[in-house]
Amino acid sequence: MPTQFEAQLVANRTLGGGYVVLEFSAPAGRLDGVVPGQFVMLRGAWGRELLNPRAFSVLWSEPDGRFAVMLKAYGRGTTRMVAMQPGDSMTVTGPLGRGFPPPGQGSVQLLVAGGVGLPPLHLQARVAVQAGHGRALELFYGGRNRDDLVLLDDFERWGIAVQCATEDGSVGARGFVTVPLRERLLQARRDGARVEVLSCGPTPMLRAVRALALELDVTAWLCLEEEMACGFGVCLGCAVPVHGERPYRYCCTDGPVFEARQVRW
Amino acid sequence: MPTQFEAQLVANRTLGGGYVVLEFSAPAGRLDGVVPGQFVMLRGAWGRELLNPRAFSVLWSEPDGRFAVMLKAYGRGTTRMVAMQPGDSMTVTGPLGRGFPPPGQGSVQLLVAGGVGLPPLHLQARVAVQAGHGRALELFYGGRNRDDLVLLDDFERWGIAVQCATEDGSVGARGFVTVPLRERLLQARRDGARVEVLSCGPTPMLRAVRALALELDVTAWLCLEEEMACGFGVCLGCAVPVHGERPYRYCCTDGPVFEARQVRW
Amino acid sequence: MSAPPRTAALPRERVDLRCGFGPLTLPHPILAASGCFAYGQQFADFMDLRRLAGLSTKGISPKPRFGNPLPRICETASGMINSIGLENVGAEAFLRDKLPYLSAAGLSVWVNFFGEDFDGYVECARLLDAGRGHGIDVLEMNISCPNIKKGGIEFGTVPEVAHRLTKACVAATSLPIVVKLTPNVSDVVAMAQAVAEAGAAGVSLINTITAMAIDVRTRRPRIATTYGGLSGPAIKPVALRMVHQVHRALPQLPICGMGGILSGEDALEFIMAGASCVQVGTANFARPDASLRVLDELHALMAELGIATVAEVVGCVQPIEPETPWNPAAASAPDAEAGKR
Amino acid sequence: MSAPPRTAALPRERVDLRCGFGPLTLPHPILAASGCFAYGQQFADFMDLRRLAGLSTKGISPKPRFGNPLPRICETASGMINSIGLENVGAEAFLRDKLPYLSAAGLSVWVNFFGEDFDGYVECARLLDAGRGHGIDVLEMNISCPNIKKGGIEFGTVPEVAHRLTKACVAATSLPIVVKLTPNVSDVVAMAQAVAEAGAAGVSLINTITAMAIDVRTRRPRIATTYGGLSGPAIKPVALRMVHQVHRALPQLPICGMGGILSGEDALEFIMAGASCVQVGTANFARPDASLRVLDELHALMAELGIATVAEVVGCVQPIEPETPWNPAAASAPDAEAGKR
Ligand SMILES: Cc1cc2nc3c(=O)[nH]c(=O)nc-3n(C[C@H](O)[C@H](O)[C@H](O)COP(=O)(O)OP(=O)(O)OC[C@H]3O[C@@H](n4cnc5c(N)ncnc54)[C@H](O)[C@@H]3O)c2cc1C
Ligand SMILES: Cc1cc2nc3c(=O)[nH]c(=O)nc-3n(C[C@H](O)[C@H](O)[C@H](O)COP(=O)(O)OP(=O)(O)OC[C@H]3O[C@@H](n4cnc5c(N)ncnc54)[C@H](O)[C@@H]3O)c2cc1C
Ligand SMILES: Cc1cc2nc3c(=O)[nH]c(=O)nc-3n(C[C@H](O)[C@H](O)[C@H](O)COP(=O)(O)O)c2cc1C
Ligand SMILES: Cc1cc2nc3c(=O)[nH]c(=O)nc-3n(C[C@H](O)[C@H](O)[C@H](O)COP(=O)(O)O)c2cc1C
Ligand code: FES
Ligand code: FES
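Residue numbers (numbering that gives the first Met the number 0), protein chains in the order written: chain A, 0 to 264; chain B, 0 to 264; chain C, 0 to 340; chain D, 0 to 340.
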């Protein structure tokens with residue numbers, strides 16, 4: 000059940016490329032059992048100029064209440080957040096939303112990440128490794144350049160296969176991450192292997208992943224970002240266009256993870 | 000001539016009672032020759048919630064560009080300012096306005112201060128002492144209690160006679176500062192001594208000083224506070240009601256120092 | 000004449016927060032605003048719903064409605080723009096699926112409603128009348144939605160049209176009808192008067208102000224419908240002005256005030272301007288317990304200022320005292336010359 | 000149809016900031032707004048006045064006026080309220096004492112003016128006509144002041160009255176008349192149309208929104224006249240909406256946009272909404288060089304976005320692309336069940 004609580008910043012770790020990990024302490028148990036893809040709404044002492052909290056995927060959480068998120072200065076809220084000092088506090092609401100399907104259900108999960116879309120997939124991998132399903136995962140990680148690819152050592156340590164792609168070719172394949180992904184999906188088809196795609200990242204990347212999944216008829220789960228005001232289903236601001244009985248579902252309560260076919264893009 | 004410039008906070012000194020002195024470094028010469036009572040408009044990186052700069056009397060300034068102001072957390076702007084850290088910067092416009100008449104013109108100047116009204120009178124005393132007119136000044140200093148009376152050691156060091164009054168009687172006379180002031184003015188009348196009053200502080204205090212000056216027919220200069228948006232004569236927000244050819248004059252350009260009789264209170 | 004401000008603070012327990020809104024008695028003046036509290040349930044995870052005086056539901060129409068395309072919201076300086084499109088479950092499903100929960104929680108339930116045309120409004124009032132005795136206290140008629148197509152604008156901006164519509168809805172139900180007015184008018188008093196004369200039990204002031212934001216990179220509006228409604232602290236000064244105008248012109252008409260309330264002090268400003276109770280809207284998104292914080296702060300502030308009851312300060316604001324008369328004949332005193340360089 | 004957004008950035012020197020406003024050609028689109036720049040002189044201490052495209056003066060009336068009682072201003076969330084009371088030196092003193100300075104600085108001088116009644120407006124336009132050829136480029140007719148007593152409201156809110164007034168003033172001068180409209184109306188397009196048909200050379204949008212703030216401790220308004228005008232970023236979304244509405248309805252009518260402009264991006268939003276040039280108001284108080292910062296930021300932003308000329312983006316905003324059509328027959332996919340606890 001989501002709750003509202005206060006959290007104190009414990010550490011603000013710079014990863015390079017403008018990415019930071021903010022680590023918070025909070026009352027024990029609040030984010031226990033968070034599912035990868037679930038998120039929290041965070042708001043600092045921002046006065047009246049910035050009204051609404053911002054959504055962040057949980058990067059990790061511990062039973063003692065500590066948790067972390069990863070972000071980059073993007074707009075007004077994230078710019079304030081990357082400048083936060085240990086001891087600063089934020090109001091948290093969470094965990095919110097529905098996360099990715101669990102690993103180890105018979106399919107190999109191909110995690111496709113870009114930019115600040117890494118955290119839920121990083122957590123998916125962490126959880127899988129802890130449950131002994133590390134072999135059932137592979138990471139496809141795209142960015143503009145070397146600096147966009149962070150926390151790779153964790154995947155290495157966990158023994159998870161990683162394929163990178165950068166637009167400038169500085170690491171891995173040159174171009175978009177859908178290039179190696181397509182190869183991998185075609186190979187799986189040739190092998191008759193069961194795979195599913197879990198993806199989070201910039202919307203253009205998600206659109207490309209979706210197109211690929213539809214083309215090759217693979218199940219793909221997309222973790223979407225929509226503008227959110229509340230994060231818990233009351234403002235109806237975060238509509239996601241879908242097919243099916245209703246034209247819209249909600250990113251914060253029905254998602255943020257949606258099956259690619261259902262998304263009306 | 001007033002200019003606009005950036006200043007960096009060098010020190011944030013706590014005086015007790017909630018008062019702080021903020022000391023800034025700035026380009027040399029910008030506040031040279033500032034007259035006691037003149038002020039600066041200060042604005043931090045406040046985003047869009049707090050639009051307007053805030054006015055502060057100059058507490059002191061040095062030719063190398065350093066200067067200081069004294070304040071207390073009062074509302075939204077001052078609350079942010081007392082929390083500033085060395086290195087933070089502010090946009091400054093100044094020096095602005097017309098200050099007090101210089102000391103040593105034949106009258107003894109009775110400085111009457113309350114709360115955050117001390118800075119211009121403190122500077123008046125500093126300037127007088129530097130010019131060898133320290134004997135021509137006396138300070139009357141009122142507050143609610145001991146904590147409201149700050150920087151007294153400076154006056155002591157300068158050898159300036161000080162009479163305090165506190166509402167709780169913890170220092171000096173019990174009651175308002177106008178009680179010892181009245182005594183002093185009556186004595187001056189008996190002695191046939193030339194005195195004038197220079198006052199800055201909360202509006203109720205200024206009203207009482209004005210009433211006393213009018214009653215005893217003494218010249219009094221009041222340093223007024225009005226809501227200001229610009230501080231340099233363009234918004235016309237800081238009107239001061241006056242008698243004479245026009246019903247209003249402007250706190251930021253005609254003042255903030257006004258002769259008590261002229262003020263339409 | 001209102002009482003002059005007291006100076007002595009009161010102990011908190013001496014403050015009586017109860018307040019009246021027309022025929023209703025509320026335990027305190029803080030309700031949640033329409034569209035910002037859904038149908039209430041979601042908030043039960045975060046707060047004790049029963050501490051709230053009441054809530055106004057998401058706007059209900061005779062039939063269910065899907066919402067607008069996205070993006071539906073964006074943030075602006077001290078505000079946000081929304082164009083949700085009046086998505087709702089429809090009157091029938093509301094009565095069946097949502098009302099019992101609210102009624103059990105013991106809140107004052109204000110059902111915000113609208114129709115897509117004149118008859119739709121009347122039909123909705125009639126349908127919702129079935130909720131009388133089952134928890135509904137008030138029908139809050141939203142004639143101010145910027146996002147309805149034809150006729151929508153006139154309902155909210157032309158006094159005669161609003162009068163006719165109110166009259167028809169009042170006749171269709173025995174529940175009190177509170178009309179929620181739009182700020183997008185030249186003369187809000189004329190609107191309030193028109194609906195009061197048609198039998199409205201009160202007015203809610205204000206709905207959002209029609210607004211726009213542009214993404215200069217995509218060269219498109221930030222809201223799919225181009226225009227949406229501005230809410231939040233940015234609009235508070237406009238809301239206060241309208242509450243005050245209406246209260247001054249129609250002191251007997253109960254007003255529910257809203258627009259940018261984030262703190263107890265904000266709520267008290269509305270009450271002093273003339274609101275008998277207030278609604279908290281956008282603030283609920285910042286933190287789910289926002290409305291209870293407003294309540295606690297209001298309580299503490301009334302104690303600090305020595306305000307014993309809400310009634311004694313409703314509309315108590317008095318004009319600024321006149322200045323001392325100007326004496327042009329008085330000689331202008333010398334300037335403090337020293338300061339001019 | 001406007002051109003689609005370019006992707007390639009331009010070097011700054013390839014950006015041509017010149018712009019047209021009806022018959023005028025301006026070196027760039029940034030002017031200073033009326034009442035926020037006085038008569039210009041004070042700013043010379045802080046900036047090179049000649050870098051500004053122009054300024055609109057404090058509102059001028061036929062005779063000098065003293066202002067309103069105090070307090071005249073207060074701050075609100077991302078905004079401020081003012082009720083200065085249209086204090087000014089009067090037309091004669093303006094022409095004699097203020098205009099020569101501005102004219103020498105080479106700025107485009109827009110004289111904001113008003114009268115206390117119908118005849119006062121016409122007289123003022125006639126008096127100011129003497130400034131033709133001596134530096135005055137435009138008479139900006141303020142029919143939107145909330146602080147004039149009788150008749151003031153109708154000038155700004157009733158299209159027929161505004162039409163008559165504009166026509167009379169247009170006849171009284173050969174200077175172009177730009178009418179500054181109030182946002183306190185239900186239908187700003189009707190107002191713009193009325194003044195355009197009466198011969199206005201353009202419109203300025205928007206003036207302040209009537210607003211109020213209350214000091215809960217004194218139980219009095221924070222502004223002596225109770226109501227004042229709200230300006231600053233808080234009103235920007237309302238201003239943009241009105242500029243867009245008027246531009247869409249009357250694409251040939253030049254619009255000078257304003258309301259909460261603090262940055263180059265704000266200015267570009269107004270231009271994309273349909274303004275040919277913009278005025279910077281309240282921002283000038285935060286820092287005297289604010290208008291030149293807006294200019295520099297606009298220049299840099301146009302370069303970054305590959306916008307070569309102002310004209311190519313005036314009113315270029317396009318609706319959000321339509322969504323992929325909904326297929327209700329498609330089976331709903333399974334939810335990502337895992338996440339639900
Ligand atoms: C479920 C979910 C999980 C998220 N997880 C993370 C995370 O782990 N790490 C992370 O860094 N970010 C994450 N985000 C995105 C994060 O919430 C946004 O970056 C943040 O809201 C932007 O805030 P800001 O104040 O910096 O930008 P703003 O100043 O609010 O935005 C600047 C401009 O960008 C637009 N904008 C705002 N948000 C978005 C967006 N998401 N997409 C496109 N345009 C936008 C706004 O309209 C605005 O005009 C997540 C978002 C969602 C919905
Ligand atoms: C010429 C001049 C010199 C000054 N010098 C000093 C100084 O040296 N040290 C110092 O601490 N302060 C000084 N002040 C006062 C200082 O500018 C105010 O305290 C400040 O503007 C309040 O800002 P704030 O953001 O903290 O309060 P805000 O949040 O702006 O104000 C809180 C509330 O108090 C009201 N308010 C704001 N300012 C005043 C005021 N001055 N009087 C009464 N009510 C007010 C506002 O309307 C608001 O509602 C001076 C003011 C002037 C005009
Ligand atoms: C997301 C959102 C949805 C809203 N939906 C409705 C609605 O359905 N009916 C209605 O009358 N008002 C609706 N409103 C308006 C609010 O009830 C309220 O009048 C307005 O937002 C001003 O209050 P605030 O500034 O506290 O939010 C909505 C506001 C928001 C922000
Ligand atoms: C202090 C002040 C005085 C103003 N005086 C005038 C005036 O005399 N005439 C006028 O047409 N507009 C006047 N305005 C309105 C501005 O010119 C402008 O239309 C409005 O403030 C919105 O722009 P902004 O948000 O950039 O300030 C005044 C605004 C302020 C803040
Ligand atoms: S963010 Fe409010 S409903 Fe999803
Ligand atoms: S503060 Fe703007 S004129 Fe004085």
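Bear in mind the hints are in silico, worked out from the structure with no lab data behind them.
Ideal Cβ positions, reconstructed from N, Cα and C, are used throughout, including at glycine.
A couple of the hints might just be wrong.
[What the hints assert, rightly or not] Reference excerpt, derived from the structure (chain A facing chain B, CB under 7 Å, subset only):
hint, residue
1, 46
2, 47
3, 48
[Said to hold, decoys possible] Computed beta-carbon distance windows for the label pairs:
hint, chain 1, residue 1, chain 2, residue 2, range
4, A, 26, B, 10, 46 to 52 Å
5, C, 325, B, 181, 24 to 30 Å
6, C, 326, B, 130, 34 to 40 Å
7, B, 174, A, 74, 54 to 60 Å
8, B, 185, D, 65, 36 to 42 Å
9, A, 158, D, 307, 50 to 56 Å
10, C, 11, B, 192, 50 to 56 Å
11, D, 305, C, 89, 45 to 51 Å
12, D, 305, A, 7, 18 to 24 Å
Between residue 185 of chain B and residue 65 of chain D, does the C-beta distance stay in 36 to 42 Å? Since residue 185 of chain B and residue 65 of chain D have Cβ atoms about 39 Å apart, the given range 36 to 42 Å holds.
Whether the CB-CB distance between residue 305 of chain D and residue 89 of chain C falls inside 45 to 51 Å: Roughly 48 Å apart at Cβ, these two residues keep to the hinted range, so it holds.
Indicate whether the distance between the beta carbons of residue 305 of chain D and residue 7 of chain A respects the range 18 to 24 Å. The hint (18 to 24 Å, Cβ to Cβ) is violated, given that residue 305 of chain D and residue 7 of chain A are roughly 44 Å apart.
Interface hint for residue 46 of chain A, Cβ within 7 Å of any Cβ on chain B: holds (5 Å)
Residue 158 of chain A paired with residue 307 of chain D, Cβ distance criterion 50 to 56 Å: holds (53 Å)
Grab the minimum C-beta distance from residue 47 of chain A to chain B and call the hint holds if it beats 7 Å, violated otherwise. holds (5 Å)
Under the criterion of a CB-CB separation shorter than 7 Å, is residue 48 of chain A in contact with chain B as hinted? With Cβ-Cβ at 4 Å, under 7 Å, it holds.
Status of the given 34 to 40 Å range, CB of residue 130 of chain B versus CB of residue 326 of chain C: holds (37 Å)
Okay, residue 174 of chain B versus residue 74 of chain A on CB: inside 54 to 60 Å? holds (55 Å)
Is the hinted range of 46 to 52 Å satisfied by the C-beta distance from residue 26 of chain A to residue 10 of chain B? Given a distance of about 37 Å, which is not inside 46 to 52 Å, the answer is violated.
Does the Cβ-Cβ separation between residue 325 of chain C and residue 181 of chain B fall within 24 to 30 Å? holds (29 Å)
For residue 11 of chain C and residue 192 of chain B, compare the CB-CB distance with the range 50 to 56 Å and indicate the outcome. holds (55 Å)
Comparing the model with each earlier hint shows violations of hints 4 and 12; every other hint is respected.
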